[in-house]
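2 protein chains.
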Amino acid sequence: MTDVSLGFLADRLPSDRLSLDPTDRAEYDADWGRSGGDPDVVVWPESTDEVAAVLAACDERGVPVTPYAAGSGIEGAALATTGGVTLDTTRMDGVGPVRPDDLQMDVAPGAVGGDVEAAAADRGLVCPPFPQSAAFSTIGGMVATGASGTQTVKYGEVGDWVLGLEAVLADGTVIETGSRARKSSSGYDLTALLVGSEGTLAVVTRVTLALAPEPRARRAGRATFETLDDATAAVARVVREGVDVATLELVDPLTARMASAHADADVPPDPSVYVEIHDGTEAGADAEATRCESVLSAAGGAVSFADDPAEMERIWAARRQAVDAIKTWDPDRTPLTVGDVTVPIGSFPEMVRSVRSIGAEYGFDVPAFGHAGDGNVHYAVLVDPDDPDEVARGKEASDRIVERALALEGTSTGEHGVGLGKQSYMSDEHGAAVGAMRAVKDALDPNGTLNPETALPPAQ
Amino acid sequence: MTDVSLGFLADRLPSDRLSLDPTDRAEYDADWGRSGGDPDVVVWPESTDEVAAVLAACDERGVPVTPYAAGSGIEGAALATTGGVTLDTTRMDGVGPVRPDDLQMDVAPGAVGGDVEAAAADRGLVCPPFPQSAAFSTIGGMVATGASGTQTVKYGEVGDWVLGLEAVLADGTVIETGSRARKSSSGYDLTALLVGSEGTLAVVTRVTLALAPEPRARRAGRATFETLDDATAAVARVVREGVDVATLELVDPLTARMASAHADADVPPDPSVYVEIHDGTEAGADAEATRCESVLSAAGGAVSFADDPAEMERIWAARRQAVDAIKTWDPDRTPLTVGDVTVPIGSFPEMVRSVRSIGAEYGFDVPAFGHAGDGNVHYAVLVDPDDPDEVARGKEASDRIVERALALEGTSTGEHGVGLGKQSYMSDEHGAAVGAMRAVKDALDPNGTLNPETALPPAQ
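These protein sequences, in sequence, are chains A and B. For the numbering used here, add 969 to where a residue sits in the first sequence, where the first one is 1. For the numbering used here, add 969 to where a residue sits in the second sequence, where the first one is 1.
Note that these hints are calculated values from the structure, not bench results. Among the hints, a few may not be true.
[What the hints assert, rightly or not] Some chain B residues near chain A, calculated using beta-carbon distances under 10 Å:
1) GLY1147
2) SER1148
3) ASP1158
4) LEU1413
[Claimed, not checked] Chain B stretches covered by chain A per the calculated footprint, using a threshold of three residues with CB under 8 Å from any CB of chain A:
5) 1063-1075
6) 1117-1127
7) 1339-1350
[Stated by the list, open to error] Heads up, incomplete: computed chain A residues facing chain B, CB under 8 Å, no partners named:
8) ASP1071
9) LEU1138
10) VAL1164
11) GLU1398
12) ALA1408
13) VAL1409
Backbone N, C-alpha and C define an ideal beta-carbon position, used for all residues, glycine too.
Please work from the sequences and hints to get the whole structure.
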């Protein structure tokens, strides 16, 4: 624990920008999935200059600084576990200007995804790769996490839509990365290096996001299957055939039951694949939907496509509530983790089987769902938090699932990030490359000021 | 110049892996655009272990190592200007295995793009973002350069298709970056950091490339315009409207004349836009081509679309030969540079106007062409290499063009890389971020062993 006196920060910021109040600080003890944050001070900078002033002063004094925004992360990447300063970016929430002719816009890190979507929509534009949490999660958080979403199967990850960043290094130096051009081979790709670095290398203060015109035609459909194996094999087939899907999601029977109970809806309890098509023309959307339907049917699916918006919305509603449904399913049990391992698409069926069988082996009902088209499996191990034995078995089952994903040459986290929750897998996943990551961290943040206990395993 | 004795390398490699012969060494003095390489030794390692052995031995002794492959770069990024070792990767040219169900394949760095395309095609797969040089340029070179190509407007850059790398750091440590999953938020994105780093951070020894099924339907078309301004405005309009083009290329009248002369073809001398559509269905391709045609027509274009392969090939042939045509246009003049500035798409018309007007101001006929849909402008300043005054004026004109691109918030190099040719613009383009790049370089290559005089401006 660092002993922080308020003095040096109070000299550098207006008085409404910081607080030592225990009530204020307590709001930063947890995110959606983890807890353990214990900042000595919270600051709410309102400009890049203020961020730079905080960082320069803290870096000089060896005071850790941990950026925080919506707190909607799952792996604890924004928790000030070593005390020091929590730097809340949510007052830096400017959106725009939109540059429609360049298909891009600038966004401040604390802006929530929903506000960005609204500003873009005013010009007929979209930023497609946002996660489902975009209604409340922030752009800065998405960039820090290396987030992605349901439409990543067609449009890529959030990071693929970041043209450039303004960011403040640990010592207070303000840098700009990238450019406003759609491509560049000029210099090291610091933009990509900062995306997914979880505030451990710099604090992002401006994001230049690429945008695209709204898709002109959409179709949504659902296919139900007799067995989960049939459903996952169908997913792999759709990808292998190159069907141009905008989303390709799996919902297993347990997740469906949970969603039905939560939403008081009638979600079919069969293994299901949800799919959406985006196209530039109505004729193209019809043709691609027909093609998709034939691949899903050939794989044993009972397929129905909708084309009016209300019907589309009903089809999607159940899937969208999966995480909430899991959290409220059993009043005595909480998700130990909402995991998101990701594997090569050919191994997706095997990965889903493994999640089920490892769950069964440990005596847990483990729902499996997620962005199937990316090879991404979300799963939740529900445990009674007051039963230490159950918690221990739950952790062991979670470890086994991640180990299986790594054995299938996948990753321990497709989109939720490392934070505190996935740190222990980093050496297994990356081997000697962890040393290179550590060298980069030490080069850009030699005093270990920025978010020092997340993402990478501790230095040797 | 480093004094290199062969002894320490000869102890570590079979004898056919290295040469001190001046004739061998002289083959590494230039690439397609620059000269000045002067290695003391050339090595041709045949395995990752051999690369690691060379690097470890050289790093210990302060001997520079510069990777080289096809030599088809344009900016001199592979030239051993400080002597030492040129490490030729072309004997490491393994292709595959293709993993069709995972839509990916492993490739050794010295494999040429054409061989990769052939192996993928055997399984009905493609890697769409390759540059036009792919028939002879290598995967390692593409990765090192941060290359892209005619289809980048739809499919992204080569780097976007790199799932992971095996690479050897300066001290001989072998690392693996990324994973075989299509997305990950696990750890720093070292893959993206190494892509475009021009062999200054590591020597890539294996590339895991993503693949896609071949597009099932294609259309190619051309639109001619009365003025170059009309043509560039049409390009910006097609992008702004979100027409799903797979390629969107500009050929200006001068480039058209050069191409006609070179190929003895009948390329129309009007400002022209070349376009290709890829789609999953024939109906979709027809609908999208119709949409594209209507946008181009509304912008003043005389449009013709072809749908048989032979006709498509004729439409594309002229564009494909543009670089060769420029080189052979005037026997007394050579291109001082084949530039590739890239700007936000809304500024593309202004950038093309600037290239023409700056050329006119300095008395040069400057052809302008390129991957217009990305906001990318290729241009060539043709000078008499024996006329120092003309060379000096050509350099000044080139500088002015790059400065204009930076003023338009673009980049000095969209796809050719930095090398020796663009180094002088790096500080203007990246400002304080150059310091962060230098810190990363020093962290991963503390002795400055790897390709020490390229990419970044000299350390202060």
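Violations among the numbered hints, reported as their numbers in ascending order: No numbers; nothing is violated.
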